[in-house]
Amino acid sequence: MISSSLKQPIIHRYVSNYRGLSSLTWEGISISFIESTLIGICYFISLYFVGVLHLSIANAGMIMSCYGIGTIFGGSIGGTLSDLMSPRIVSIGNLLLQSIGFFTLMAANSPYILMIALLIIGFGSYGFITSNHTWTLLHSQQNQRLKTINILDASSNLGLGISGVIISLLSMESFHKLFLIAGVTLLSLTAYLALKYD
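The opening residue of the sequence shown carries number 1 in this note's numbering; numbering runs sequentially from there.
It is worth saying that the hints were derived from the structure and are not from the lab.
All C-beta atoms in this analysis are idealised placements derived from N, C-alpha and C, irrespective of residue type, glycine included.
Where hints are given, some of them may not hold.
Pairwise CB distance ranges (calculated) [to be verified]:
(1) Leu47 / Leu195: 32 to 42 Å
(2) Ser110 / Asn143: 18 to 28 Å
(3) Ala58 / Ala191: 34 to 44 Å
(4) Asn143 / Asp83: 19 to 29 Å
(5) Gln142 / Asn109: 50 to 60 Å
(6) Ala191 / Phe73: 23 to 33 Å
Can you make the complete structure from the sequences, with help from the hints?
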């Protein structure tokens with residue numbers, strides 16, 4: 001005999017699984033989604049290096065590797081700092097770093113400056129992921145933390161997917177416009193968290 005819960009529509013059951021999370025938990029999840037949508041630009045940025053700046057594929061690959069190096073250090077240092085101080089403060093700092101990185105991309109032509117910008121963005125991105133996960137889990141009840149982790153991951157993946165659509169629509173006009181939108185949005189998130197921080 002089929003239980004009544006299985007007779008419910010799949011979407012209804014899926015949504016009901018995530019009910020009961022606190023407003024602060026949802027705040028962390030929402031900010032994670034927005035940040036992931038913006039950071040997804042970096043997965044397509046080699047098109048900008050080769051197609052707009054006319055860098056060689058080798059140089060574009062070297063610049064992109066700096067993003068990867070930044071993520072390694074950002075995740076490690078972000079986790080360490082989140083143990084030593086409020087993860088909220090660490091998140092604020094990492095969002096600010098990402099904003100600075102995107103604003104730098106708008107003005108940079110030198111491969112060396114581009115490498116530094118991607119290093120900063122990678123560091124800030126994974127530093128934020130670590131600190132925001134920590135902060136969000138701290139505001140989740142013990143029996144809801146698995147749900148929180150699942151939806152944090154889902155929101156990040158959804159954000160990355162949506163970023164591909166955004167880039168396909170806006171990159172034809174200007175990558176600089178994408179960098180400006182990302183920089184301003186990340187700076188706004190930084191200000192929001194800083195003003196709301198208690």
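### Task
Report the numbers of all earlier hints that the structure fails to satisfy, in ascending order.
Failing hint: just 2.
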